[in-house]
Structure formats: C-alpha cells, structure tokens
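Listed here are the chains, written in short residue letters.
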Amino acid sequence: MTYDRRMFLKRSAGAFAATAGLVSALPARADGLAPTPSMRGGANNYFPDAPLVERIGSGGFWMTGTVRRAGDGAPLSGQRIQIWAHTTEGYESDLHSHGATLSDENGVFRLEMPQIVPAFGQPHGHLAYDSAEFETVFLRPVMRRPSDTSLEAHFVLQPV
Amino acid sequence: MWRWGLLLGLLAAPVIAAAFSPYLAWRGPVYIAAGFCGIIGMAVMPLQPVLARNVLPGLKPIRARTFHKWVGGLLLLCVMLHVAGLWLTSPPDMLDALFFRAPTLFSLWGVLAMWVIFATALLALLRRKIGLRFRHWQFAHLTLTTLAVTLTCAHAVLIEGTMETATKYLLCALCLGGLVLSWRGIRI
Numbered sequence: 103m104t105y106d107r108r109m110f111l112k113r114s115a116g117a118f119a120a121t122a123g124l125v126s127a128l129p130a131r132a133d134g135l136a137p138t139p140s141m142r143g144g145a146n147n148y149f150p151d152a153p154l155v156e157r158i159g160s161g162g163f164w165m166t167g168t169v170r171r172a173g174d175g176a177p178l179s180g181q182r183i184q185i186w187a188h189t190t191e192g193y194e195s196d197l198h199s200h201g202a203t204l205s206d207e208n209g210v211f212r213l214e215m216p217q218i219v220p221a222f223g224q225p226h227g228h229l230a231y232d233s234a235e236f237e238t239v240f241l242r243p244v245m246r247r248p249s250d251t252s253l254e255a256h257f258v259l260q261p262v
Numbered sequence: 010m011w012r013w014g015l016l017l018g019l020l021a022a023p024v025i026a027a028a029f030s031p032y033l034a035w036r037g038p039v040y041i042a043a044g045f046c047g048i049i050g051m052a053v054m055p056l057q058p059v060l061a062r063n064v065l066p067g068l069k070p071i072r073a074r075t076f077h078k079w080v081g082g083l084l085l086l087c088v089m090l091h092v093a094g095l096w097l098t099s100p101p102d103m104l105d106a107l108f109f110r111a112p113t114l115f116s117l118w119g120v121l122a123m124w125v126i127f128a129t130a131l132l133a134l135l136r137r138k139i140g141l142r143f144r145h146w147q148f149a150h151l152t153l154t155t156l157a158v159t160l161t162c163a164h165a166v167l168i169e170g171t172m173e174t175a176t177k178y179l180l181c182a183l184c185l186g187g188l189v190l191s192w193r194g195i196r197i
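Just so you know, the protein sequences line up as chains A and B, in that order. For what it's worth, this note's numbering labels the leading residue of the first sequence as 103, then goes sequentially. For what it's worth, this note's numbering labels the leading residue of the second sequence as 10, then goes sequentially.
Extracted from the complex, chain A is given alone in its bound form (with noise of 0.2 Å):
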C-alpha cells in the first residue's frame, strides 16, 4: 500500500474527528478546576465540629486561604474551614488550638491563631473543609521558614 497526499490527509482528518470525539466524551470537569484532594496525615489530632472563633488564643499568625467548586472554579462563599496547629500556646491535640471560620463573599477565608511551631520535623498547619455539601478534605501546608507569621491553603472542593 502507497501513501499518498490525498490518502495522508483523509487519515489525518480521521484522526482529528476521533481525538476530537474522545475529548468531548470526557466529563466537563476534566477542562475545568479539579478537586483538592486530602493530603497526607492531614486529619491528624483533628475533632470534629471546631467552634466558630474570632481567632484562636491570642493571635499573632494568620492561616489564609481560598475556597472553590471545582469545575468551574466558583468562589464559595459562607464555607466553614477548621484549622488547627502545633502553636506557641498549644499541641495539635490541645482543644483550645483549634477553631473554625466561614469563607466571605469572594471565597477567601482569614483566620488568627498563635504562631505556627515546628512539630514532628516540620513547621506545619492543619484546615478541614468537613461539611455536608461538599466532599470532605483535610489539608497539612508547611511552612517555608519556622519564622513565616502566615501560611496559606487552597480548598476546591466537589461537591457531593
């Protein structure tokens, strides 16, 4: 069998049209913003139901973040996020480190807390996002330095 111009571009033309095809099968969300998975060890010491607070203790650190539906990546706003961390006034496992906050208008949440110490090996930060709507994630940010005084965590989440 010879190939040709007309034969190479027909058999191109095949397969653009099957490529083509392939992609749009694939469930929306494969073009749009994927779903944060849990990381690693990232639901350690936590207890459900953190209280909505100010801050936690008396402050000094701030723990921001952003919360999204995936796909289309949507602010979420009125989401409660629950941090908790190895801090200058407590453990992990200490209920009084641990608080909750709610996401505003743009998706994006702040909280105060004491300063994040390194625990276990690593400067490092607990958030949950468990709620009814969407699919429960637990994050575990490091912090680059043990003296930052903020660290920063991203939440897009699937809904159920």
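Just so you know, the hints here were simulated from the structure itself, not pulled from any lab data. These numbers were taken from a predicted model, which means no experiment stands behind them. It is possible that some hints are incorrect.
[To be verified] In silico contact screen, one side only, chain A against chain B (beta carbon under 10 Å); selected entries:
hint, residue
1, Thr138
2, Arg142
3, Asn146
4, Tyr148
5, His188
6, Val219
7, His226
Each residue gets a CB set at the ideal place from its N, CA and C atoms; glycine is no exception.
Keeping the supplied structure of chain A fixed, place chain B upon it in accordance with the hints.
Chain B alone, transformed into the frame defined by chain A:
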C-alpha cells in the same frame, strides 16, 4: 586521655546545643524527653566503632568490648523511648510513621532505622546461638550498623526540630567517620 575527652566533648555538643533550642519552650516534658532520646541515641553511635576497634588508648580490650555492648544497649533503649515518647505526644503521627504512610520522608528513614537497629540487637544477642563464624557475623553486624547509621543521619538531617544545624552536621560527620573506621581492614 585527652583524646577521649575530645571525642566525648564532640559527641556532647549536639546534645548541649539542643538543650538551648527555642522550641523547647513550646513542648511538654514527654515530647522533650522523646526528642533528647533520639539525639542521645544518635550521639552514642560514633562511640561504637571506637570501642569495637579499641583505637583510643587507655582501655583494655575486654573493657572496650564490654562498653561496646553497654553502649549498644543504651542505643536500643534510646530508640524505644524516642518512639514511645513521640507516640504518647501525637499517636496519629507516630502510627502514620510506623505504617509508612506519613507525609514526611524523615519518618520513613526513622522507622527503617528503628527496624534495622532492632535487627542489629537481635543478631548481637543471638551471636553464639546461631553459630556463625566470627568473620561472617562481623560482616552482617557491620552491614546492619552501616544501614542504621546512614538511615539515622538521613532522618536527622531532614528534621526541623530542636537540634542545632551545625552540631547536627558535625554529628553526622562523626557517624559517617565511624563507619569508615569500622570497615577499615575488613576482608569481605
């Protein structure tokens, strides 16, 4: 005598430096003790080849061998207290480490080092029972301890904890130097 003083001083340095760590202020007694058991366990490692080869003056060979066994026992005790103390401090973090699902690489190295140290102790206790020829037993012992020391250094270097950086690297260098000493003249 001064050689012993120098060696013990160098080994004490990382322990003393850790005692000045600012992080101690935010830790309870059990967590602090667990950390120091880890540091002390690592700090006695370089003593072992020095005693086994009896390269420093002042010790009769039989005494050196006895000290080598005692230090080995102390190291084993340190490892067990290190793990037990961290378990009490944060059970989920220790369980993640023991089940090899922790997010941190140093947990993996630490737990592997623990198992290798247990294996080393077992092989030492069963030396007469299993009836290996000394040369073969020694090769197995050195292989295990080399693994244990290397894993322990990898474990310590990756941790942001109470150990002060310069003395941590000094201790790693002493540990690795000890490995060189322990393999010198060994025919395989």
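Hints, one by one, checked against the model:
no.: 1; hint: Thr138; in the structure: 15 Å, violated
no.: 2; hint: Arg142; in the structure: 4 Å, holds
no.: 3; hint: Asn146; in the structure: 4 Å, holds
no.: 4; hint: Tyr148; in the structure: 9 Å, holds
no.: 5; hint: His188; in the structure: 7 Å, holds
no.: 6; hint: Val219; in the structure: 5 Å, holds
no.: 7; hint: His226; in the structure: 9 Å, holds
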